[in-house]
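Input sequences plus hints: build the corresponding full structure.
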Amino acid sequence: MNYNKRDEEAGGDAGLFYHVDKTVVLQEARVFNSSPINARKCRLLLTKIIYLLYIGEPFTVKEATDLFFNVIKLFQSKDTSLRQMMYLVIKELSGIAEDVIMVTQSLIKDIQSKQETIYRANAIRALCLITDPSMIQGIERILKAAIVDKTPSVSSAALVSSYHLFDVARDIIRRWSNEVQEAINTKPSGGLSFASASSYFSSGSSNQNQVVISTSNIHQYHAIGLLYLIRQHDRMAIAKLVQTFSGARSSGGFLGGGSSSNVLKNPSAVCMLIRFASKVMEDDPSSTRKVYELFEGFLRHKSDMVNLEAARAICDMTDISAKELHPAIAVLQLFLSSPKATLRFAAIRTLNKLSINNPSVVAPCNLDIENLITDSNRSIATFAITTLLKTGNEASVDRLMKQISGFMNDISDEFKVIVVEAIRSLCLKFPAKQAVMLSFLSNVLRDEGGYNFKKAVVEAIFDMVKYIPESKDTALSHLCEFIEDCEFTKLSVRVLHLLGIEGPKTATPTKYIRYIYNRVILENSIVRAAAVSALAKFGVNSHDEEVRKSVRVLLNRCLDDVNDEVRDRATLYLSTMDNQDIAKKYVTDDSTYALPMLERQLVEYINNSHENAKEFKLDTIPVISKSQEEEERRRNRSNDTAILPLLSAPSAKGAPAVSSPGVATPVSGKNTLISSLDQQAIYAEQLAAIPEFASFGTLFKSSSKPIELTESETEYVIHCIKHTFAKHIVFQFNCTNTLNDQLLENVHMIMQPEIDGLVQVAELPAEKLEYNVTGAIYVAFEQEDPEELANVTFTNTLKFVVKDCDPTTGEADPEGFDDEYQVEDIEVTTSDYIRASYVSNFAEEFEKLEENEAIDTFALDKEKAHNLKSACDSIIDLLGMQPLEGTEAPKNNSVHTLLLSGTFLDGSRVLARCRMTFSTSTGVAFELAVRSEDVNVSQIVLLAIS
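Numbering (UniProt numbering), first residue to last: 1 to 946.
These aren't lab readings, by the way, just hints derived from the structure by calculation. Predicted model only: the values in this text are computed from it and were never measured. All C-beta atoms, glycine included, are put in the ideal place defined by N, C-alpha and C. Honestly, I wouldn't trust all of these hints.
What the hints assert, rightly or not - Distance windows between CB atoms, simulated:
(1) 907 <-> 481: 21 to 31 Å
(2) 818 <-> 935: 48 to 58 Å
(3) 402 <-> 363: 15 to 25 Å
(4) 174 <-> 24: 12 to 22 Å
See below:
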């Protein structure tokens with residue numbers, strides 16, 4: 001290249017680009033018409049054009065077109081670097097200028113040049129970008145020849161361009177499968193030279209790091225990616241692809257074969273192959289053993305990149321034993337002491353993720369992990385700390401806390417949150433060490449930090465108050481000190497709310513009242529209002545008359561506050577303290593509305609303006625306990641905060657199946673933001689939109705989770721959701737066709753009840769089931785006698801028309817044949833007629849229903865219930881009722897009382913008390929007493945156990 005020192009002395013970027021003006025650049029474009037061409041001036045001008053395009057300087061169509069045709073005059077130049085810059089400008093202007101197709105022949109001439117010019121790759125990229133999709137067939141021969149070219153840069157350019165063209169020319173590029181596979185096996189004429197790499201960079205590629213990491217056989221990486229794209233909908237073809245290129249490794253290669261001549265030489269391509277193998281294992285669980293052997297063989301690959309990818313893939317495998325994890329962990333442990341920071345980071349990050357569910361298998365690496373605590377890279381040190389917090393034992397807690405204390409000031413808030421979340425988990429794991437960890441949390445609470453960091457610390461202390469009673473007094477004291485100098489209003493309100501709940505329960509509640517009243521004097525109106533509410537809880541819940549008297553005095557002072565919210569709250573609570581019935585309902589009551597459903601229905605009410613004449617019915621919103629609401633919120637909060645979103649690896653799974661219209665996708669997973677109650681509202685909305693079900697009335701209950709009617713690896717995967725109405729039951733079958741060579745049409749579910757009493761009144765079949773696209777079938781039954789609720793079993797048969805289709809194009813044969821598929825039976829039980837509901841005072845409500853009691857004794861043997869917890873789970877699942885007062889978790893191993901509440905289909909309240917005992921020899925024996933507003937309902941619920 002003809003660069004010299006005068007270019008540097010011009011002032012670098014500042015000299016070249018400072019005050020670059022589009023008008024001046026367009027005028028200077030005349031230099032392209034000069035003869036002979038001044039290569040240096042043209043390069044400088046092309047650089048200015050690129051700069052203007054990259055900063056978003058708008059070019060009109062006429063300006064871009066004139067500039068484009070001036071630039072293409074540079075085709076007559078033989079200067080290599082100038083030609084490379086020219087191709088880059090052509091690519092950028094092609095989206096604005098008109099008639100860019102005129103340059104096609106010049107580009108084709110450069111691509112087919114007999115000389116080994118380094119800009120052939122640039123010409124391929126430019127040609128594919130300016131070619132109209134309808135004209136791609138015209139350059140098909142050129143691109144196919146370039147794909148198998150022995151020059152790696154040319155082959156890679158053709159492969160990457162084909163990858164980008166796939167969406168607009170899918171059918172054409174699918175025909176190139178043989179050429180792409182040949183490109184993988186083609187031995188390059190030489191490695192990627194510096195000039196070729198420069199060509200790659202100047203073409204605007206965003207994958208520069210990949211080239212720098214591995215310049216040898218890079219075309220294999222691009223080719224195997226394109227080959228997967230072509231075959232992605234054919235599971236057998238993907239399995240064959242993995243088999244072909246895995247090589248004779250470990251015990252005979254993948255799926256028993258693989259020629260060594262087909263082994264991939266490029267590490268990036270091998271990593272891609274490992275991800276494809278993971279997809280094969282996901283689609284075909286029977287191949288797990290052979291895929292594992294493949295991964296284990298790649299652990300001994302000469303490339304560190306491949307070793308890490310194979311180790312990560314093994315660690316991500318489900319239901320894998322500690323013995324099988326050992327080879328991967330050994331490789332990762334070796335990388336922990338690598339001099340390369342990238343290897344250390346990748347290894348500790350993988351071990352950190354593994355330690356979430358398998359801390360015991362990571363524990364042997366703890367000595368090497370401890371050495372990383374002082375690593376100069378703070379990201380590595382953070383992962384090391386959080387991993388040790390998950391894998392360490394109780395004896396190591398004190399040492400870890402000391403190391404972390406000196407470490408916190410050197411990391412960002414994002415990593416501080418990760419550390420605090422790990423400490424929160426450790427607190428609950430080792431309650432005996434609560435003093436050390438609480439001291440640490442209180443210290444970091446005083447440090448500088450943003451809202452998310454302070455919130456994480458406060459949440460951790462809240463958990464300690466809730467789950468570690470011994471820490472309550474100290475933790476509340478630390479929180480009181482925190483709100484003395486808290487800059488975040490939301491956190492102050494939350495702390496005041498907790499003090500109002502927990503403070504009156506402590507031995508010396510008066511010491512917290514001073515801190516709360518200080519907020520009334522010193523803080524903003526929002527915090528003052530929260531402080532008034534907290535004070536009121538002390539006055540209502542305290543049994544000490546002196547405390548009540550003091551609180552009344554303080555609330556009277558708040559009547560003069562300048563803010564009306566504070567005054568109103570003070571007035572309300574003063575009245576409440578004088579009326580125990582009101583206090584019981586509004587202050588001490590532990591119930592609340594299901595907020596997600598309340599919010600959803602309020603939004604719908606506001607949006608439906610034509611219905612606003614009707615009053616909003618609050619009684620349609622389920623009432624739940626505040627502890628339930630807290631657990632729901634805790635469940636919705638991501639538990640896996642050990643890895644930041646920006647650092648998380650992309651999923652190896654394929655794209656999720658697209659749901660058909662009307663398919664209610666069930667909510668599952670710990671990171672979902674939709675509650676189970678809100679899911680019920682979604683089901684109700686979708687069913688109401690179906691005309692056949694509009695007359696059924698209000699949805700009473702839907703299944704809490706889908707019922708699997710087939711195994712996950714079968715040809716057709718079917719889940720059922722039961723929807724109960726006052727007189728009807730609707731069965732929703734979500735069906736997925738996992739065969740890419742079949743199309744199912746006119747898909748029906750034939751349901752046969754074992755007894756009379758239910759009449760089928762509606763059926764909505766699925767018109768068709770394409771490969772991996774979920775469709776819904778609905779079948780509705782009506783109760784002949786609503787007073788005789790049937791517990792019934794249905795036998796189910798899927799009937800459909802099968803049509804063979806091409807796996808690659810998806811085109812189906814015009815003719816098909818009838819077929820059927822037997823699936824598991826479905827049971828309708830008493831739990832389908834009971835909806836879980838909450839009552840604030842079980843003893844009082846249970847006493848009121850004494851006249852309508854049904855009682856009996858039962859037994860569960862050791863095989864069905866090996867302890868009281870499993871017995872509680874079985875009874876709750878069988879009755880479909882809401883456990884109360886935390887009785888779902890027995891605190892005694894031999895004796896326990898389970899309290900349950902629900903609402904029956906007819907709207908009557910149902911309460912159940914289950915007294916149980918456990919013996920290791922006989923199992924669980926229990927007495928179940930059911931009371932309801934209707935004695936017949938009590939009998940029906942009791943019979944559900946027998």
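Taking each numbered hint in turn, which are not upheld by the structure, reported in ascending numerical order? Of the numbered hints given earlier, those the structure breaks are 1, 4, listed in rising order.
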